[in-house]
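Q: One-letter residues, chain by chain:
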Amino acid sequence: MRNETIIKALEGYKDKLYRFSLKIVGNQFDAEDVLQELMIKVWKKREDFAQIENQEAWCMTVTRNLCIDKIRKRKGDTKDISDYHTISDRSPTPDIIAEDKESLSMVMKLLNELPQNQKEIIHLRDIEGYTYKEISEIIGLTEEQVKVNLFRARQKFKEKIKHLNLQR
Amino acid sequence: MNNTEINNLLNKYWNAETNIHEELKLKEYYNSGKVAEEHQDAAPLFQIFKMESSINASNIEIKAPTETLARESRVYQLNKSWRAIAAVFVIALASIFVVKSTLNTGNTSKKATIVNVEDPEEALAYTKMALAMVSKNYRKGSDKLSIGMENVNKMNIIK
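Residue numbers (the numbering used here), protein chains in the order written: chain C, 94 to 261; chain F, 158 to 316.
Because the hints were derived from the structure by calculation, they are not lab data. A virtual CB, placed ideally from N, CA and C, is assigned to each residue, including glycine. Among the clues, some could well be false.
Stated by the list, open to error - Computed far set for chain F versus chain C, every beta-carbon distance over 10 angstroms: (1) I177; (2) K182; (3) N188; (4) K191; (5) A221; (6) P222; (7) I242; (8) A249; (9) L260; (10) V274; (11) M286; (12) L302.
What the hints assert, rightly or not - DSSO-like mimics (lysine-lysine), calculated; alpha carbons at most 30 angstroms apart, straight line: (13) C:K251 x F:K207; (14) C:K134 x F:K237; (15) C:K253 x F:K207; (16) F:K207 x C:K249; (17) C:K255 x F:K237; (18) C:K255 x F:K184; (19) F:K169 x C:K249; (20) C:K202 x F:K207; (21) C:K253 x F:K169; (22) C:K138 x F:K220; (23) F:K169 x C:K163; (24) C:K253 x F:K220; (25) F:K191 x F:K169; (26) C:K240 x F:K184; (27) F:K237 x C:K251; (28) C:K249 x F:K191; (29) F:K184 x C:K251; (30) C:K137 x F:K220; (31) C:K255 x F:K207; (32) C:K166 x F:K220; (33) F:K237 x F:K220; (34) C:K226 x F:K184; (35) F:K169 x C:K202; (36) C:K251 x F:K169; (37) F:K220 x C:K163; (38) C:K202 x C:K226; (39) C:K134 x C:K163; (40) F:K184 x C:K202.
Taking the hints into account, I'd like the entire structure generated from these sequences.
A: If you want it as structure tokens, here you go:
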């Protein structure tokens, strides 16, 4: 596959790859590093890249795996992926706090506290707009498992919002 | 969309029953800035989705990682060529060894040839010739030995 074709393809979804990476690793330096590593992987595979049915989903899967590797290296152990949410937590940004949006920071906190799978699924569905099939390809779960996880995550939000309203 | 439609969509959304199209409708509604009071509860969630989806990788340039790939391929080529050179060298050495040993085998058979001489005078001449050759080589050896001994003695003097 020609370099220009690969560049054009990656340019089309590099923002999604970056956001997904940022969501998992939790800081921009590691997220950028992951993208560089992804580019090397893509170019190493450039002969077969055209044969990949869904190149975007493939890149997202590779990005996810690279992120997990990065977190493992950072932690120096091989804990389960579900333990990683504590590392990749991102605190509410100062501008949100400055805006005095308590509910916004509460929702963001809740987003960060979700189990890793649910957090990734919410991100892929509600921020990136992927279908269940695509999410299942990226994360390696069945479509049913994706739906169940999404349901649980959204229910948590619903309850939290209800709880916030009762407090007011 | 009226409020009832939004309520229905929101219910479906919480139960993960909405499709992509319906979720887009909800996002559009919450991003429109005209959100009804009764739907304000879910607004922060959609606001966060909007904020996160606006993050971009503008500082990352997509380009072929030429340096890394070139370095890797160059190392591979070097290894390959060195392997070829080593193989040629080994074959050449083996050939030389085989040719030399074949020639040596030929010489040995020549030297080992026994000549039967009937005439006593002729036998004497051969014997003298052989002894002269031995004597000549012995002298060569003893000369080299005396030169060597002289060098050893010189070294002792230096000490």
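Q: Which earlier hints can't be squared with this structure?
A: 1, 5, 6, 17, 23, 24 and 27
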